[in-house]
Structure formats: C-alpha cells, structure tokens
Amino acid sequence: MHAIKVEKLEKKFGDFRALDGLDLDIRKGEVYGLLGPNGAGKTTAIKVLTGLLKMTAGNAEVLGTRLPNKDITQRVGYMPQETALYLGLTVHQNLEFFGKLFGMDKSKILEREAELLKFIDLERWKDEMVTNLSGGMKHRVSLACALIHEPEVLFLDEPTVGVDPELRESFWKFFGNLKEKGITILITTHYMDEASHCDRIGFMRTGKLIAEGQPQAILREAGTKSLEDAFLFFARRGK
Amino acid sequence: MNFKRALAVSRRVFMDLKNDKRTLALIIIAPLFAMAIFGLAFSGQISDVKVIVVNDDMGMNTTIGQVYLSEVVISNLDPDTLSITTMDDLPSAISEIESGNAYAVFYFPANFTNITILAYNQMTEASTSVGIHIDMSNVNVADTIMQTFNDAVQKTMQERGLEMPVSIQKEAVYGANASFMDFFVPGIMAFVVYILTTLLTLINFVGERTSGTLARLTATPLRESEIVAGYAMTFSVVGTLQALLLLTVGMLVFGVNVEGNVALAFMVVALLAIVCQALGILLSSITHREAQAIQLIPFIIMPGFLLSGVFWPLEALPTWLRPFSYLVPPSYAIDACRSVMLRGWGLDMIWIDVVALIVFAAVFLFLATLSLKRRG
Numbered sequence: 072m073h074a075i076k077v078e079k080l081e082k083k084f085g086d087f088r089a090l091d092g093l094d095l096d097i098r099k100g101e102v103y104g105l106l107g108p109n110g111a112g113k114t115t116a117i118k119v120l121t122g123l124l125k126m127t128a129g130n131a132e133v134l135g136t137r138l139p140n141k142d143i144t145q146r147v148g149y150m151p152q153e154t155a156l157y158l159g160l161t162v163h164q165n166l167e168f169f170g171k172l173f174g175m176d177k178s179k180i181l182e183r184e185a186e187l188l189k190f191i192d193l194e195r196w197k198d199e200m201v202t203n204l205s206g207g208m209k210h211r212v213s214l215a216c217a218l219i220h221e222p223e224v225l226f227l228d229e230p231t232v233g234v235d236p237e238l239r240e241s242f243w244k245f246f247g248n249l250k251e252k253g254i255t256i257l258i259t260t261h262y263m264d265e266a267s268h269c270d271r272i273g274f275m276r277t278g279k280l281i282a283e284g285q286p287q288a289i290l291r292e293a294g295t296k297s298l299e300d301a302f303l304f305f306a307r308r309g310k
Numbered sequence: 283m284n285f286k287r288a289l290a291v292s293r294r295v296f297m298d299l300k301n302d303k304r305t306l307a308l309i310i311i312a313p314l315f316a317m318a319i320f321g322l323a324f325s326g327q328i329s330d331v332k333v334i335v336v337n338d339d340m341g342m343n344t345t346i347g348q349v350y351l352s353e354v355v356i357s358n359l360d361p362d363t364l365s366i367t368t369m370d371d372l373p374s375a376i377s378e379i380e381s382g383n384a385y386a387v388f389y390f391p392a393n394f395t396n397i398t399i400l401a402y403n404q405m406t407e408a409s410t411s412v413g414i415h416i417d418m419s420n421v422n423v424a425d426t427i428m429q430t431f432n433d434a435v436q437k438t439m440q441e442r443g444l445e446m447p448v449s450i451q452k453e454a455v456y457g458a459n460a461s462f463m464d465f466f467v468p469g470i471m472a473f474v475v476y477i478l479t480t481l482l483t484l485i486n487f488v489g490e491r492t493s494g495t496l497a498r499l500t501a502t503p504l505r506e507s508e509i510v511a512g513y514a515m516t517f518s519v520v521g522t523l524q525a526l527l528l529l530t531v532g533m534l535v536f537g538v539n540v541e542g543n544v545a546l547a548f549m550v551v552a553l554l555a556i557v558c559q560a561l562g563i564l565l566s567s568i569t570h571r572e573a574q575a576i577q578l579i580p581f582i583i584m585p586g587f588l589l590s591g592v593f594w595p596l597e598a599l600p601t602w603l604r605p606f607s608y609l610v611p612p613s614y615a616i617d618a619c620r621s622v623m624l625r626g627w628g629l630d631m632i633w634i635d636v637v638a639l640i641v642f643a644a645v646f647l648f649l650a651t652l653s654l655k656r657r658g
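Respectively, the protein sequence lines represent chains A and B.
All residue numbers for the first sequence refer to the numbering used here, where the first residue is 72 and numbers rise by one.
All residue numbers for the second sequence refer to the numbering used here, where the first residue is 283 and numbers rise by one.
In case anyone wonders, no lab produced these hints; they're calculated from the structure.
Keep in mind the model is a prediction, meaning the values are calculated, not measured.
Hints are not guaranteed to be accurate.
[To be verified] Only pairs whose alpha carbons sit at most 25 Å apart, straight line, appear in this in silico PhoX-like list of lysine-lysine:
id, chain 1, residue 1, chain 2, residue 2
1, A, K99, A, K197
2, A, K244, A, K177
3, A, K197, A, K141
4, A, K141, A, K177
5, B, K300, B, K286
6, B, K286, A, K83
7, A, K250, A, K76
8, B, K300, A, K197
9, A, K209, B, K303
10, B, K655, B, K286
11, A, K197, A, K209
12, A, K197, B, K437
13, A, K83, A, K141
14, B, K655, A, K197
15, A, K189, A, K177
16, B, K300, A, K209
17, A, K179, A, K197
18, A, K141, B, K655
19, A, K177, B, K452
20, A, K141, B, K286
21, A, K125, A, K189
22, A, K209, A, K179
23, B, K655, A, K125
24, B, K286, A, K179
25, A, K177, B, K655
[What the hints assert, rightly or not] Not everything, but these chain A residues come out facing chain B in the computed CB check (under 10 Å):
id, residue
26, T121
27, L156
28, L160
29, G174
30, S178
31, S213
32, C216
33, F226
34, G284
35, A288
Glycine included, C-beta positions come from ideal geometry on N, C-alpha and C.
Construct the complete structure from the given sequences, taking the supplied hints into account.
In structure tokens form, the structure reads like this:
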C-alpha cells in the first residue's frame with residue numbers, strides 16, 4: 072500500500088524547473104530519505120506534497136488522495152526547515168494552538184502534549200516561552216507540533232540542519248519510534264551519513280531522482296564505501 | 283469556514299500581544315501618548331506672540347477731555363494671545379521684526395483719533411489707517427495677529443457705541459460648548475486605531491511569513507479565510523479597547539464631553555479595525571522582510587494623517603485632492619465618530635460612513651484572503 076505516490080511531478084518557477092519529472096513510491100510505514108545538494112528540489116518536493124506550492128504538471132497522491140486536497144492535511148504532519156514556531160508563546164501554547172487547528176479537544180490535546188513532551192524530553196520546559204529555548208530545543212518543539220494530531224504521514228524538511236550530533240542521534244531515535252507506530256516518514260537531508268537510518272533513500276539532482284534503493288544496495292551498485300561517493304558516482308553517470 | 287479554528291487563531295494573536303510586554307505597552311501607551319501630544323500641541327491656542335506697538339496718536343480734545351482711541355484699541359488687544367511691548371519710532375520697531383524678535387508692529391499715526399472721530403461724524407472726507415507691519419512667514423501666527431487686531435477694533439467700536447450697520451448673531455446648532463479636545467478625541471480615537479492596527483497586523487504577519495509559521499499553517503486544515511477572520515476578531519476587540527481607554531482618559535483628564543451614543547462610536551472603531559487588519563495582511567503580501575514592512579510605514583501614516591481630516595478639515599485641502607480622502611478608510615470612521623460624539627447623531631445619520639466602512643471591510647477581507655491563497 073502506498074503512502075505517497077508521485078509521478079512525473081513538475082514544478083517550474085518561471086523558466087527554472089525545480090522539479091523535473093520526479094517519481095516517488097513510498098510504502099506505508101517506510102522511512103524514506105530524499106538526499107541531494109542544495110537546490111536539488113528536495114524542499115520543493117515537500118512543499119508540493121504538503122500543499123504549500125502548486126505543481127506545474129504531473130501527479131501526486133498522499134494516502135490515496137490526489138493532491139491538491141485540503142482535507143488530507145488532517146492526516147499529515149509537516150515540520151518546515153525554519154523553526155516555524157510562535158516565539159512569543161510558551162511550548163504549551165504552541166502545541167495547544169496547533170492541536171486546535173486539527174480540531175482536537177482540550178483533554179485530547181493535553182493528553183497528547185504530555186506524551187510528546189516526554190518523547191522529546193522537554194516536560195520541564197512546558198511553560199517556557201519558545202524564544203528562551205536553545206536552538207535544539209526549538210527543533211524538538213517544532214517536531215512535537217508536527218506530531219500533535221497523530222499524523223499518518225510525516226514530512227520532515229531538513230530536520231537535522233544546524234543540530235548538534237548528539238541531538239541528531241536522538242532525532243533519529245525518535246523517527247525510529249515513529250516508524251514502529253506505523254508512521255510513514257519522508258525526510259530530506261543533505262547529511263549523507265544520516266541516510267543509513269532510512270529504509271530507502273532517493274538521490275535527487277536537478278529536480279529528479281538519479282538513484283533509489285536501500286542504502287546498502289545503493290552502495291553496492293555504486294561500488295563505493297560512503298553514500299557521499301555513491302552520490303558523486305550517480306551524479307557523474309547521469310551526465 | 284470553521285469558527286473554532288478562526289477562534290484558535292484569534293486567541294493565538296491575543297496571547298502573542300499579551301505575552302509581548304513591549305507590544306502591550308505600545309497598544310496601551312501609544313493612544314494616550316498621541317492624545318496628549320497632539321491634543322496639547324494642536325489645541326489651537328496660539329499665545330504670547332511678540333508684537334510691538336508704536337503709537338504716535340495725538341488724541342483729540344473733546345467735551346469729555348482728551349481722547350486717545352488708540353489706547354482703547356491697544357487695551358482691547360487680547361493679552362493672552364499677544365505679548366505687547368511699546369516703542370517710540372517705527373523704523374527701529376520694524377528692525378525688530380527683521381531681526382526675528384517680533385512678529386508684528388502696529389503703528390497708530392498722529393491723526394488716528396482725530397480723523398476717526400471726524401470721519402465717523404461725517405465731518406471730514408479724509409481717512410486714517412493703522413499700519414501693520416507683519417512677518418507673514420508663519421501663516422498661522424500672522425492670521426492670529428490679524429484676527430486679534432480686528433477683534434480689538436470691533437470691541438472698541440462696540441464700547442464706544444459705534445454701531446455697525448450689520449450685526450452678526452451666532453447660534454450654535456451643534457457643539458455649542460465644544461472645546462478643542464471634544465472635537466479632537468473622537469478623531470484621534472479612530473486615527474490611532476487605524477495606525478496601530480495596520481502596523482501591528484503588518485508586522486505580525488510579516489513575522490508569520492518570515493518565521494515559517496504561515497507555511498506550517500498552510501499544511502494544516504486551517505483555511506485562509508479563517509486566518510483573516512481570526513486576526514479580525516482580535517484586532518476589532520483590541521481597537522475597541524483602545525478607543526475605550528482613550529475616551530476614558532479623555533473624559534477624566536481632558537474633560538471631554540460626549541453628546542451621542544458612545545457604543546455606536548465604538549462599533550465604528552471596531553469596524554475600522556477590521557478594515558485595517560485586512561489592509562495589514564494585504565500589505566504584508568508585498569513585503570518579504572521586516573525591513574521592507576518598515577518602508578511601508580510612511581505610506582500608511584501620511585495619507586491617514588493628511589487626508590482623513592483628523593487634524594485639518596478636508597476643506598483645507600485643495601479641491602482636486604479632496605476626492606482622495608474617500609480612499610482613506612479612517613476618513614469615514616473619524617467623520618462618524620465626530621458626528622456621534624459631538625452632534626449626537628445616530629445610525630440613521632451616519633449610515634453612509636458605516637456602509638462605506640463595511641464596503642472597505644468586505645473588499646479588503648476578500649483581497650487579504652486572496653493574497654494568502656496565492657501559491658507559488
């Protein structure tokens with residue numbers, strides 16, 4: 072069963088093709104990593120899939136619903152690249168606000184908030200203004216906001232940029248836990264080493280995939296030791 | 283549109299304003315500051331203008347003794363408005379104006395009393411005049427000087443029983459006892475709400491765009507119309523509270539009188555706030571950073587300042603410019619608030635203003651929603 076299915080997706084900004092025939096087929100419960108250099112189209116892909124951008128051509132489905140479709144947002148979580156939190160509100164107020172947007176009632180929000188705060192280890196900071204938190208803490212709150220409504224699909228746009236190695240490690244542990252709960256995760260990153268945590272990865276370059284598969288399989292195919300070298304291998308072959 | 287989600291947005295904006303002590307202070311202090319500064323500065327009273335009197339009047343010998351009409355005119359000059367000094371010769375008095383030490387010189391010629399009385403009794407064809415040498419570089423001050431002098435001449439004539447062939451009787455239809463502040467507070471109420479609401483929404487919303495929260499909102503079930511409605515709810519309440527605060531302080535400190543139904547005036551202010559928050563959201567769509575938003579501030583303030591009639595009557599504008607005041611939403615709110623609070627008018631009289639504001643609100647809310655719906 073597909074969670075995300077994308078066919079020949081195109082997105083043009085003027086004459087520039089940010090997405091140029093992207094194909095994706097992500098199964099339910101899969102952790103899928105989109106890898107590639109800056110400007111490869113990773114963020115654009117996520118923005119189209121979350122309804123932030125209109126596609127120019129092609130087809131995209133999330134949980135069997137053809138995009139664009141506002142109703143599907145109820146089942147989807149999105150963590151943008153920016154912190155994207157209300158800095159003037161407390162951690163609790165942020166979570167409560169996003170919970171309400173998904174139509175959750177107060178008791179459900181509180182219950183879910185307690186779970187998430189434990190999950191991201193910020194229970195003590197519940198009533199702290201977000202602006203007073205460290206960068207890493209903000210990232211964790213941002214993740215919690217994306218998860219408040221128990222989404223079935225989670226889009227994470229560069230969640231580990233500017234995050235220290237220790238926190239990155241714990242982030243991947245979170246993502247592992249989420250996967251165990253059956254949540255599908257599409258994650259973008261340009262840290263190649265992180266990709267080994269994914270079930271499958273896709274290398275993106277100039278708006279399309281240049282290789283796709285399990286990390287080990289990709290390494291085997293490229294005959295390289297690191298994913299970074301593998302990317303370079305496929306990039307050169309693509310030319 | 284889902285009301286609960288709009289309410290969640292409204293609450294969120296409220297909390298943001300409440301948690302930010304500086305913004306909260308701005309919302310509370312700025313209106314009072316504006317009222318105090320503008321109210322005191324524009325209170326219309328020009329006072330202590332330096333003028334010099336050079337009096338060569340020889341007077342006239344009459345049955346009741348030597349009469350000096352010039353002295354009477356001088357004593358009738360309003361001592362609050364003018365600060366009068368006397369000098370002996372005209373050239374040195376004029377040089378005082380030239381050196382910027384005085385605004386005007388009143389010169390009474392030697393035959394002033396003589397000719398005036400003879401002419402009044404039709405005993406001579408000759409006439410006399412008072413020479414006023416005046417620095418016209420400050421129009422307001424110059425006008426005040428001329429007005430004060432005219433008043434003194436008229437008062438003198440009345441005292442002497444010299445009847446004018448035409449008398450003027452003023453009967454106030456509205457605002458019989460209105461002071462400048464009575465006139466000013468209804469206007470500043472609407473004006474402050476216009477400025478602050480537009481700016482606060484603009485800044486707040488540019489924040490939503492740059493911080494990425496707007497993107498996050500877009501990926502939730504929240505609809506664009508619910509965002510706009512949420513902001514509208516918050517700012518209409520904030521605007522009304524500001525008006526309430528202004529009016530309370532105006533009444534307690536400046537003794538402002540209110541003729542009509544204050545609730546109606548508050549409704550107008552709330553309506554204006556809805557227009558302005560939509561304008562703020564709309565303007566935020568053409569800015570990408572806070573710095574660009576700041577560049578827009580003069581374009582928000584200046585038209586409101588000049589074209590809304592808050593400080594200068596619209597009649598003071600050149601005729602070709604007047605139609606532009608119809609494009610400035612606070613014009614209607616200011617007019618309506620004044621009519622309600624000074625003339626005691628009801629909805630039956632101010633409905634045109636209210637309809638204009640409703641039309642503005644409808645158009646701006648629609649455009650603001652549209653601007654949010656626009657996707658790259």
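Going down the list of hints, with the structure as the test:
1. A/K99 x A/K197: Not satisfied, since the Cα-Cα distance of roughly 32 Å exceeds 25 Å.
2. A/K244 x A/K177: violated (29 Å)
3. A/K197 x A/K141: Given that 25 Å is the threshold and the Cα spacing comes to 30 Å, the pair is violated.
4. A/K141 x A/K177: holds (23 Å)
5. B/K300 x B/K286: Distance ~21 Å between B/K300 and B/K286 Cα, so the pair holds.
6. B/K286 x A/K83: Violated, at about 36 Å.
7. A/K250 x A/K76: Measuring from Cα to Cα gives roughly 18 Å; hence the hint holds.
8. B/K300 x A/K197: The hint holds at about 18 Å.
9. A/K209 x B/K303: holds (22 Å)
10. B/K655 x B/K286: Satisfied, since the Cα-Cα distance of roughly 20 Å is no more than 25 Å.
11. A/K197 x A/K209: Roughly 12 Å separates the two Cα atoms, so the pair holds.
12. A/K197 x B/K437: Answer violated: A/K197 to B/K437 is near 76 Å, above 25 Å.
13. A/K83 x A/K141: OK: A/K83 and A/K141 at ~22 Å, within 25 Å.
14. B/K655 x A/K197: Violated, at about 33 Å.
15. A/K189 x A/K177: holds (18 Å)
16. B/K300 x A/K209: Judged against 25 Å, a Cα distance of about 21 Å means the pair holds.
17. A/K179 x A/K197: Given pair A/K179, A/K197 holds - Cα atoms ~16 Å apart, limit 25 Å.
18. A/K141 x B/K655: holds (12 Å)
19. A/K177 x B/K452: Distance of about 65 Å is beyond 25 Å: violated.
20. A/K141 x B/K286: The hint holds at about 17 Å.
21. A/K125 x A/K189: Violated: A/K125 and A/K189 sit about 36 Å apart, past 25 Å.
22. A/K209 x A/K179: Between A/K209 and A/K179 the Cα gap is close to 23 Å, so the pair holds against 25 Å.
23. B/K655 x A/K125: holds (11 Å)
24. B/K286 x A/K179: Status holds; Cα separation ~16 Å.
25. A/K177 x B/K655: violated (29 Å)
26. T121: holds (4 Å)
27. L156: For A/L156, the interface hint holds, since the closest Cβ of chain B sits about 7 Å away, which is under 10 Å.
28. L160: holds (6 Å)
29. G174: holds (7 Å)
30. S178: violated (15 Å)
31. S213: holds (9 Å)
32. C216: Holds, about 7 Å.
33. F226: Given a least distance of 8 Å, the restraint on A/F226 holds.
34. G284: violated (29 Å)
35. A288: Interface hint status for A/A288: violated (32 Å vs cutoff 10 Å).
Hints 1, 2, 3, 6, 12, 14, 19, 21, 25, 30, 34, 35 from the list above are not met by this structure, while the remaining hints are.
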